[in-house]
Amino acid sequence: MFNYLLRRIYLLSITAFILTLLAFTIEHWTVHTQIDDNTFSHYFSYLNSIIKGDFGVSIIDNQPIFNTGLVAFSSTLELCFFAFIIAIIIGMPLGIFAGLDRNNGVDYTIMTIALIGLALPVFWVAIIFTILPHALGITLPIDGNISPIYEIPVVTGLLLIDSLLVTERYQLDAFLNHLTHLILPSTVLALFLTSEIIRLTRHAITMVMKSNYIKAAHTKGLTRWQIVYRHVLKNALPPIIHQIRLQLSTIISFAMAIEIVFSYQGAGMWLFASIHQGDYLVLSAALLIISGFILISSIIIDFILVLISPSKRKSLYADQ
Amino acid sequence: MLINNEFNEQKIQSPLRYIWLIFKSKNIAVVAMWAIITLLMVTLFTPYIMPYSPTLQHPDMLLLPPYWAEGANPAHLLGTDDLGRDTLSRLLKGIQLTLAGALSITLVISMLGLLIGATAALTQGVKASIMHHLLDALLTIPTILTALILIVLFGMSYENSLLAISLSLLPQFIRGIYISIENELNKQHIIALRLDGARNLRLLRFGIFPNILEPLVTLLTRIFTMAILEITTLGFLGFGANANEIELGALISKSLELVYLSPYLVLFPGVAIFLIIIVFNVFAEGVRHAIIEGEE
Numbered sequence: 001m002f003n004y005l006l007r008r009i010y011l012l013s014i015t016a017f018i019l020t021l022l023a024f025t026i027e028h029w030t031v032h033t034q035i036d037d038n039t040f041s042h043y044f045s046y047l048n049s050i051i052k053g054d055f056g057v058s059i060i061d062n063q064p065i066f067n068t069g070l071v072a073f074s075s076t077l078e079l080c081f082f083a084f085i086i087a088i089i090i091g092m093p094l095g096i097f098a099g100l101d102r103n104n105g106v107d108y109t110i111m112t113i114a115l116i117g118l119a120l121p122v123f124w125v126a127i128i129f130t131i132l133p134h135a136l137g138i139t140l141p142i143d144g145n146i147s148p149i150y151e152i153p154v155v156t157g158l159l160l161i162d163s164l165l166v167t168e169r170y171q172l173d174a175f176l177n178h179l180t181h182l183i184l185p186s187t188v189l190a191l192f193l194t195s196e197i198i199r200l201t202r203h204a205i206t207m208v209m210k211s212n213y214i215k216a217a218h219t220k221g222l223t224r225w226q227i228v229y230r231h232v233l234k235n236a237l238p239p240i241i242h243q244i245r246l247q248l249s250t251i252i253s254f255a256m257a258i259e260i261v262f263s264y265q266g267a268g269m270w271l272f273a274s275i276h277q278g279d280y281l282v283l284s285a286a287l288l289i290i291s292g293f294i295l296i297s298s299i300i301i302d303f304i305l306v307l308i309s310p311s312k313r314k315s316l317y318a319d320q
Numbered sequence: 321m322l323i324n325n326e327f328n329e330q331k332i333q334s335p336l337r338y339i340w341l342i343f344k345s346k347n348i349a350v351v352a353m354w355a356i357i358t359l360l361m362v363t364l365f366t367p368y369i370m371p372y373s374p375t376l377q378h379p380d381m382l383l384l385p386p387y388w389a390e391g392a393n394p395a396h397l398l399g400t401d402d403l404g405r406d407t408l409s410r411l412l413k414g415i416q417l418t419l420a421g422a423l424s425i426t427l428v429i430s431m432l433g434l435l436i437g438a439t440a441a442l443t444q445g446v447k448a449s450i451m452h453h454l455l456d457a458l459l460t461i462p463t464i465l466t467a468l469i470l471i472v473l474f475g476m477s478y479e480n481s482l483l484a485i486s487l488s489l490l491p492q493f494i495r496g497i498y499i500s501i502e503n504e505l506n507k508q509h510i511i512a513l514r515l516d517g518a519r520n521l522r523l524l525r526f527g528i529f530p531n532i533l534e535p536l537v538t539l540l541t542r543i544f545t546m547a548i549l550e551i552t553t554l555g556f557l558g559f560g561a562n563a564n565e566i567e568l569g570a571l572i573s574k575s576l577e578l579v580y581l582s583p584y585l586v587l588f589p590g591v592a593i594f595l596i597i598i599v600f601n602v603f604a605e606g607v608r609h610a611i612i613e614g615e616e
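Chains as they are written, first to last, in our numbering: chain A, 1 to 320; chain B, 321 to 616.
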């Protein structure tokens, strides 16, 4: 276990090194802050400053880029989190049904829904969703994170927690307001995620149903649902989690596109606005923040995978 | 000669012909194939099909609805936009740019990716190790971020957005190819081929490629779908196309402020993107099933 962890952290450090090189190249290419004759010493001073968390100051509002980026990215994470919960609640059962009865009516219906969910371009669905409250006559906010009447100080960066911290001033109003702002964007993201989870679950379930221990369970005389509960679900879970880990970056890139339509103040909107105003320092900071998050979370997911499925512990290179 | 070939002639079909036979029996997939052929024809002959030039303005016919709605003009089948430009022509031009871009991205990625992936899978040591770590790092960056960074570095244009998207999707494809070749390498027929003294090229041509067709088709569809989605997303964000190069995403973003006046202008390009992706996915699913059945 300890060896596995050590090996994983070693791989992480190499990847992180390559990422800092990429970020440095971008920074060097676009902005070139220091007029230094030596590229090596420039790289080391860059490395030194990003370890201290100093990515420079934005030319738009003179705020430190790192803080702005972290706050923006945590809003993106909130969006992803809600979409994820919706997707798991809807997608998992549908995927299980499709995987258990392969090649019949239910399977075809569910897979058609999944295909439609994948084929709809997210930003277009987001535009349709912005018209939806108007068309259906519901009152739902379609832009921003939170109504501007609430003044919420940044404490943790996660607006969900920050809005709970100001309860003595606004009661729960700020929190609920933020939640209603999250409904539409997270539904759009969940549309894509649900179809992805349906596909992954169906694939994993069919793989498990083919194996010999399921046949053995059948001969033991277990009923269909007993088999599903005892054997199938447990064994189907690790490959699904593994695939979702590989999809993390795709999910975040879709979330960023959705944010721009809803003008939700997340990482996508931050990048979009900064690039349009010519603040290219943001690029390398965003690269390091987002891929740093994905790296760390993939390590954590690997660790959880190893905990729940012992057969993974032997794998030397963690991706195989 | 003991075996008499003259009377009970048994024709053994080539695998490709066999797959085609199975594919023909699947109705939906064949329909999708004809739809793809139609789309390709539209892409190739857009200038001859378009009723008007996509930039020609008709000042007396602004914001016309499509022909089935009230107050339409049959001269403009799908209506016009706020400057009186024909929606159908703009849509066809958009389909041309988007589809041609996505197809060329898929082509470039498949060639480069097969080359790099096969090299990485068949070599050991320093070269493979550097490849792995570089891929690991590149795979953690969201594709849209990579595309944005590259566009900022290269400058904004339609061609540069295609270049940026192909570079951002390349790592995914290489990783997929690498994994499927690696799975194939441990099988017995590869070892037998190696014992016969086959070099790497021969191993790839006769041992590996015929057996990774199915994952290859899945990967290519995935890359094509992502390419369409990213071209349109970048166009929508205003990083891809300039005023003359209206691909479907840019078309949506340009008619965004008209969404309450004439929702058709936003609706049609989205439906076009949706149909392109659906058609290609259904076709690929048919091919995949045919390959799996053919192997069995």
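Because the hints were derived from the structure by calculation, they are not lab data.
Hints may contain errors.
Straight line, CA to CA, 20 Å or less: simulated EDC-like cross-link-like pairs of lysine to aspartate or glutamate [what the hints assert, rightly or not]:
#1 Lys-346(B) <-> Asp-107(A)
#2 Lys-210(A) <-> Glu-613(B)
#3 Lys-210(A) <-> Asp-54(A)
#4 Lys-210(A) <-> Glu-534(B)
#5 Lys-210(A) <-> Glu-616(B)
#6 Lys-210(A) <-> Glu-479(B)
How the hints compare with the structure:
1. About 17 Å separates the Cα atoms of Lys-346(B) and Asp-107(A), which keeps this hinted pair within 20 Å; it holds.
2. Taken as a hint, the Lys-210(A) and Glu-613(B) pair is honoured in the structure, with Cα atoms around 17 Å apart against an allowance of 20 Å.
3. The straight-line distance between the Cα atoms of Lys-210(A) and Asp-54(A) is roughly 53 Å, outside the 20 Å bound, and the hint therefore fails.
4. Proximity of Lys-210(A) to Glu-534(B) is assessed by CA-CA distance (about 19 Å); at most 20 Å being required, the pair is judged to hold.
5. A distance of roughly 15 Å separates the Cα atoms of Lys-210(A) and Glu-616(B); the hinted pair therefore holds under the 20 Å criterion.
6. Of the supplied pair hints, the one linking Lys-210(A) and Glu-479(B) is violated, its CA atoms being roughly 47 Å apart against a limit of 20 Å.
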